[in-house]
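Trainee: Sequence:
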Amino acid sequence: MSGLQLTAGAAGARILGFGSYRPRRRVTNDELAQTMDTNDEWIQARVGIAERRWAEPDETLLEMSAAAGGKALAASGLDASEVDLVLLASASLPRPIPGLAPEVAHRLGAQRPGAFDLNAGCAGWCYALSAAADAIRSGSARNALVIGGERLTDYTDLTDRTTAVIFADGAGAAVLGPSDSPGVGPVVWGSDGDQSSAIAIPEGEKAMSMAGQAVYRWATTRLTATLLTAMERAGVGPEDIDVFAPHQANLRIVELMAKRLRLPERTVIARDIVRSGNTSSASVPLALSALLESGEAKSGDIALLLGYGAGLTFAGQVVVLP
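The end of the sequence shown is residue 676 by our numbering, with every number in the run present.
Distance windows between CB atoms, simulated:
hint: 1; residue 1: S535; residue 2: P618; range: 17 to 27 Å
hint: 2; residue 1: D384; residue 2: Y509; range: 22 to 32 Å
hint: 3; residue 1: G547; residue 2: T583; range: 13 to 23 Å
hint: 4; residue 1: Q398; residue 2: G649; range: 22 to 32 Å
hint: 5; residue 1: A428; residue 2: Q567; range: 34 to 44 Å
hint: 6; residue 1: A568; residue 2: D433; range: 41 to 51 Å
hint: 7; residue 1: E395; residue 2: K613; range: 17 to 27 Å
If you're looking for bench data, these hints aren't it; they were derived computationally from the structure. Note that CB positions come from ideal geometry on N, CA and C, so glycine has one too.
Input sequences plus hints: build the corresponding full structure.
Mentor: Right, here's the structure in full:
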């Protein structure tokens, strides 16, 4: 397919290029087993992670986000001066004020763009992607840079096996621009605030807590309908999906969702979590970047995306890959 269905006469937005940054340090399960009561078999059976990336002190959220954004700009063929909107999705910002997006934009050479941070937990990048696409469709922006960046290790107890084995660092980004043939489908998003404590940094605390079983049940029982609705609104069915790229929270969740959607065998399923861990709002763009770089996904492929996490928030949508 060359595009997605939208309201007749509506302007469109499409993704022009992806970029990513993965920290230098690889942390294997065997390394974690030296400091906590765990082992490779237990971790892989529980969440499917073999290793993850943890940022070094010089790999700040600013540096990682700017690096990913710069690569996305290069892939898009645009100059930073052509970007008039920069969104940074993150649940691990180093400070409440000022926002980091304006600093990232300045670092990249964008000239006075609209810029703001967005925190929707692990669904953040999908939320930001939709906000950027809507801004382009409405005429509020011409080109947009959407970044998902995380240093989750800053907010993780690295001695706690329930969280330290899961969370990781990194940044992924995409550049969006206008298109006569829409390449970003309508978002299906929402929240279940009655479960807001399931993933949280409690007030006065510095480390994240997570009710893993509760999140697992919620994700595997409530979100399939979101994906089906996202496909319906985009005018495609499971048989049209070339790539399935949900948030990389748990490999078991990814595989169960794919099975319930009855995706065709040819569909490429993102399993970036195996080598990258859970990078929250960075996970979807990181996974898509990896698939495009490896050749497993290609330009023009129809991709089904899903972000979900703290809030509890969720966002599903269909896009055409650049």
